[in-house]
Amino acid sequence: MTFKNETEPENLEKNGQHKFLLNMGPQHPSTHGVLRLVLEMDGEYVTGIDPVIGYGHRMHEKIAEVRPAQSFLPNTARMDYVCALPYNHGYVSLLEQMTGIEVPERAEYIRVITVELNRLASHLLWLGTFLLDLGAFTPILYCFDDREHILDILESLTGSRLTYSFHRVGGVYKDIDDSFIEKSREFMKRLEKRFNVYDKLVTGNIIFRKRAEGVGIVTSDIARRYGITGPNLRGSGISYDVRKAFPYSVYDKFDFEIPVGKNGDCLDRYNVRINEMKQSLRILSQAFDMIPEGDIRAKVPKKLKIPKGQSSFSVEAARGELCYYMVSDGTDVPYRLKARVPSYGNLSALAEICEGMLLADLVAVMGSFDLVIPEIDR
Amino acid sequence: MDFIANLPPHFFRIPIALTLVISLVFINALIMVYLERKIAGHMQFRLGPMEVGWHGLLQTAIDAVKLMSKQLIVPDKAHTRLFRIAPLLAFTPAVLPFAVMPFAPNLQAVDINIGVIFIIAMASLNVMAIFVAGWASNNKYALLGAMRSVSQNIAYEIPVLLSLLSAVFVVGSFSLGDIVGYQGKIWLFIVQPLAFLIYFVSSVAETNRAPFDLPEAESELTAGFHTEYSGMAFALFFLGEYTEMFVVSSIATAVFLGGWHGFPLPFFEYSSVVWFLLKTYFLMFLMIWFRWTFPRVRFDQLLNFSWKYLIPFSLVNLLITAVVVKL
Amino acid sequence: MDTGKVIKEIEKISAKSESIHILPGVEYECNTAAENIREFASVLYKNNYMLLFVTAVHIEPYPVVVYQFVCPETKSRIRARVFCGENKSVPTISDIFNGANWYEREVMEFFGIDFNGLEDKRTLILDESDKNLNPLLKKEGKALSADETGFGNN
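Chains as they are written, first to last, in the numbering used here: chain A, 1 to 378; chain B, 1 to 327; chain C, 1 to 154.
Calculated directly from the structure, the hints in this document are not laboratory data. Check before you lean on any hint, since a few could be wrong.
Within a straight-line C-alpha distance of at most 25 Å, the following computed DMTMM-like cross-link-like pairs (lysine to aspartate or glutamate) qualify [what the hints assert, rightly or not]:
id, chain 1, residue 1, chain 2, residue 2
1, C, Lys88, A, Glu61
2, A, Lys19, B, Glu157
3, C, Lys139, A, Glu61
4, C, Lys121, A, Glu352
5, A, Lys210, B, Asp76
6, B, Lys140, A, Glu352
7, C, Lys138, A, Asp329
8, C, Lys142, A, Glu65
9, C, Lys131, C, Glu119
10, A, Lys278, C, Glu73
11, B, Lys140, A, Glu155
12, C, Lys75, A, Asp252
13, A, Lys189, A, Asp175
14, A, Lys174, A, Glu155
15, C, Lys139, A, Asp329
16, C, Lys142, A, Glu61
17, A, Lys62, C, Glu35
18, A, Lys308, A, Asp145
19, A, Lys19, C, Asp114
20, C, Lys46, C, Glu119
21, B, Lys140, A, Asp50
22, A, Lys19, A, Glu61
23, B, Lys38, A, Glu61
24, C, Lys142, C, Asp120
25, A, Lys62, C, Glu140
Below, a sample of chain A positions facing chain C; criterion: calculated Cβ distance under 7 Å [to be verified]:
id, residue
26, Asp50
27, Tyr55
28, Arg58
29, Arg147
30, Gly227
31, Gly237
32, Ile238
Sample of chain C residues facing chain A (criterion: CB under 7 Å; computed from the structure) [claimed, not checked]:
id, residue
33, Met50
34, Leu52
35, Phe53
36, Cys84
37, Ile125
38, Ala143
39, Leu144
40, Thr149
Positions of the beta carbon are idealized from the N, C-alpha and C atoms, including for glycine.
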């Protein structure tokens, strides 16, 4: 759907139908950030969607080309600020892969632990905002309450609450201690109980089910054509998770499942994410049991020369597959860095999925997609 | 002095009643906003307003002062006159039903013989205000909200009327005084449980409260019909909404929950008023509870719910009532 | 589906695949001629691959467009590189993989590469007035050749 000129007269008359353009965003309660949707409306029905992005564009890819590879690390956390640690993880893993640095096992465990905690925080935030989009005010505060615990735990370790730069090339910044493990275990116990609360409050609610069931169906074909990844893809029944498909770090040592949906509607995506949180808890408890003693950081030269060549590294971020692709010319400054962010592919499919649905459903689908707009804009 | 004594009694009664009603409306809104925020807070594991006054008691008063001191911004291409009239239109009809409300055996401004009809007529004027507001704002979100409001109110006025009619059939009078009087023996809620349920659900929808708050659906239409309103004009819509809540709850109390009937309370000379208010505020508490628990329904689901379930059921209920009363 | 079969099929249509080397993270990588990329993409689409990203790298003399695909079922990744010609133009694959639309628009505004047949040629991330800014092109004389970047032999 394209609108050639947005300043055209607002009443579009097509086939005798009166349509109008509705500008949704960039300041709108449910576009979560700075997404703007130009909607062509027929009454309450959305007949065409044209997403306008780029309001939060910072040109991270150019910044990566002008500074030493290691000092780009803080920028990675600022792409997706809701789930920043996988972005750290992917970037440092890419550099380690290119330079051949061996990472101590304990460091990899700490990475997995922090990433999974961060994933939980991201999914909790999604749960709250998704239900807020559906008009339920209360769950978001419950979710923020839980998320607050994770942020406190991560703050005690990493020193920051949102934009972490915790993973370093060759390891991690700081070792975890017993109090961290204890706090995390306490939180995990608490969260397991909280799932019952969410279940009672949300999952069985008839209004919620009616709003989510059969709405915004993503078929596996759409998912393939648009490159939808992450829980949105798994909701459509394709069991693809980078952690399982191409095990990186120490993910191959854990016993966990990939929850998949069936129909690809909002309810499936909801269930997939809820179950994914439970799987994250499983990974966490195994990681705390299995974590070995040892170093947390390998020796890395201050000026990290990256050998000539190209490489890519994928990790599973909270929203889908995050892929870094780097070309190096042999210096310590990358020649080209591309970050393939999951929400980019997810959002691009919105126009096809939502055409012809009600405005309220569009909001529901956007909520279920878990979009983080600055990640798309980069 | 003779001159004053010779004036008709209505001359005094009406200003006094008006003053009382207006102050009731404002006080009710103050209490309700405070309760809403406090109850919502505690339902969400937080405290709600705590800063101004003891446990934030004066928060709403301060907010009212703030709203009064704000400028009313009229958008550039809005229809200025209608834009300014709409909040008044929302507020006035919401106050009028108090004229016939039986708070206590002797506390009723006028007991007209079509009291129920009068209240419904006044309550349904509210939709006009919303429509005018949405239209005059020259804002697409506001217009969508207004359109929703009209179809929603049309859909839900019918079950409200039908369920009230079933109660009226049992009593045999439209006068609210008679209806409350009839319930000295047995509350109509027990005779007509289905009618009460239908009435209450529909009246939540009539007052545009969540989960039926589609005209102002925040996540879809930013703020719906009052997107462009600020300051006191916005406050009047707010007042109208809370007054409407009070009105529908007190109708439910009067028609189904026995009105001011209740056993005499110790220490209270006028326990009937207390009973009336207690029942009304209990129903309003239920409305608040709904709002902070349920997600919002979708527009087509909302209309289907009314046309496919509420109206047929209330019609059947009315028919059965009519047959039983006739026998 | 067998990954080997797919690779054989690809080899048939992109006869120009010269540098085949296994890289970490990617099972198969090949260079494809610009005129073959559409056929390449449709073979992958038929074999249940999905598009991960399209990007470009500015090397001398002309930029290279890089496509990465992944198959969720067979768990294989394939990367294709298209060396642009003088006209800096590559056929679009946005009608085969619709998601490519956004990636191609992004590459178009960042690198000034023209995608033949791309319907929607508005800018995506940059402002319309910055259409010819092409921020990711290297400055005059800064761009390196394929060999210097370790980009493989062309």
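Checked hints:
1. For the hint linking Lys88 of chain C to Glu61 of chain A, the alpha-carbon distance of about 21 Å falls within 25 Å, and the restraint holds.
2. Between Lys19 of chain A and Glu157 of chain B the alpha-carbon distance is near 30 Å, which puts this suggested pair outside the 25 Å criterion.
3. Restraint check for Lys139 of chain C and Glu61 of chain A: satisfied, since their Cα atoms lie roughly 15 Å apart, inside the 25 Å limit.
4. Between Lys121 of chain C and Glu352 of chain A the CA atoms are separated by roughly 18 Å; this keeps the pair inside 25 Å, and the hint holds.
5. Taken as a hint, the Lys210 of chain A and Asp76 of chain B pair is broken in the structure, with Cα atoms around 40 Å apart against an allowance of 25 Å.
6. Distance hint between Lys140 of chain B and Glu352 of chain A is fulfilled; the C-alpha atoms sit about 24 Å from each other, no more than 25 Å.
7. The suggested pairing of Lys138 of chain C with Asp329 of chain A holds, with an alpha-carbon distance near 13 Å, which does not exceed 25 Å.
8. Between Lys142 of chain C and Glu65 of chain A the alpha-carbon distance is near 12 Å, which keeps this suggested pair within the 25 Å criterion.
9. Note on Lys131 of chain C and Glu119 of chain C: the hinted pairing holds, with a Cα-Cα distance of about 16 Å set against a maximum of 25 Å.
10. Straight-line distance between C-alpha atoms of Lys278 of chain A and Glu73 of chain C comes to about 24 Å, which keeps the hinted pair within the 25 Å bound.
11. This hinted pair does not check out: Lys140 of chain B and Glu155 of chain A have alpha carbons roughly 44 Å apart, beyond 25 Å.
12. A threshold of 25 Å between alpha carbons decides the hint, and for Lys75 of chain C with Asp252 of chain A the separation of about 15 Å falls inside it, so the pair holds.
13. Proposed proximity of Lys189 of chain A and Asp175 of chain A is supported: the alpha carbons are some 23 Å apart, at most 25 Å.
14. Proximity of Lys174 of chain A to Glu155 of chain A is assessed by CA-CA distance (about 12 Å); at most 25 Å being required, the pair is judged to hold.
15. Distance check on the hinted pair: Lys139 of chain C and Asp329 of chain A sit about 16 Å apart at the alpha-carbon level, within 25 Å; holds.
16. For the proposed pair Lys142 of chain C and Glu61 of chain A, the alpha carbon gap of about 17 Å is at most 25 Å, so the pair holds.
17. Only pairs whose Cα atoms come within 25 Å are accepted, and Lys62 of chain A paired with Glu35 of chain C is rejected, the gap being roughly 29 Å.
18. About 47 Å separates the Cα atoms of Lys308 of chain A and Asp145 of chain A, which puts this hinted pair outside 25 Å; it is violated.
19. With a C-alpha separation of about 34 Å, the suggested pairing of Lys19 of chain A with Asp114 of chain C is violated against the 25 Å cut-off.
20. At most 25 Å may separate the alpha-carbon atoms for a hinted pair to count; Lys46 of chain C and Glu119 of chain C meet this at roughly 23 Å.
21. With a CA separation close to 18 Å, the supplied pair Lys140 of chain B and Asp50 of chain A stays within the 25 Å bound.
22. Our distance criterion of 25 Å between C-alpha atoms is broken by Lys19 of chain A and Glu61 of chain A, whose separation comes to about 40 Å.
23. A C-alpha spacing of about 48 Å is found between Lys38 of chain B and Glu61 of chain A, which places the hinted pair above 25 Å, so the restraint is violated.
24. Of the pairs offered as hints, the one joining Lys142 of chain C and Asp120 of chain C is violated, with about 31 Å between alpha carbons and a cut-off of 25 Å exceeded.
25. Restraint check: the Cα-Cα separation between Lys62 of chain A and Glu140 of chain C comes to about 16 Å, which is no more than 25 Å; the hinted pair holds.
26. Hint status for Asp50 of chain A: violated, given a least beta-carbon distance of 9 Å to chain C, over 7 Å.
27. Because the smallest distance between the Cβ of Tyr55 of chain A and any Cβ of chain C comes to about 9 Å, over 7 Å, the interface hint for this residue is violated.
28. The beta carbon of Arg58 of chain A is not positioned within 7 Å of any beta carbon in chain C (closest approach about 10 Å), and the interface hint is therefore violated.
29. The closest approach between the C-beta of Arg147 of chain A and any C-beta of chain C is roughly 30 Å, which is over the 7 Å cut-off, so the hint fails.
30. For Gly227 of chain A, the suggested interface contact is upheld, since its CB lies about 4 Å from the closest CB of chain C, less than 7 Å.
31. Taken as an interface hint, Gly237 of chain A does not check out: its beta carbon lies about 10 Å from the nearest beta carbon of chain C, beyond 7 Å.
32. A hinted interface residue such as Ile238 of chain A counts as satisfied when its beta carbon comes closer than 7 Å to some beta carbon of chain C; here the least separation is about 5 Å, so the hint holds.
33. Interface hint at Met50 of chain C: satisfied, since its Cβ lies 4 Å from the closest Cβ of chain A, which is below the 7 Å cut-off.
34. Among the interface hints, the one on Leu52 of chain C holds; its C-beta lies about 6 Å from the nearest C-beta in chain A, closer than the 7 Å criterion.
35. With 7 Å as the threshold, the beta carbon of Phe53 of chain C comes within range of chain A, its nearest partner Cβ sitting at about 4 Å, so the hint holds.
36. Checking Cys84 of chain C against chain A by beta carbon gives a least distance of about 15 Å; that is not within 7 Å, so the hint is violated.
37. A hinted interface residue such as Ile125 of chain C counts as satisfied when its beta carbon comes closer than 7 Å to some beta carbon of chain A; here the least separation is about 4 Å, so the hint holds.
38. Taking 7 Å as the C-beta contact cut-off toward chain A, the hint placing Ala143 of chain C at the interface is violated, the least distance being around 9 Å.
39. With its C-beta approaching chain A no nearer than about 5 Å, Leu144 of chain C sits inside the 7 Å limit, and its interface hint holds.
40. The beta carbon of Thr149 of chain C is positioned within 7 Å of a beta carbon in chain A (closest approach about 5 Å), and the interface hint is therefore held.
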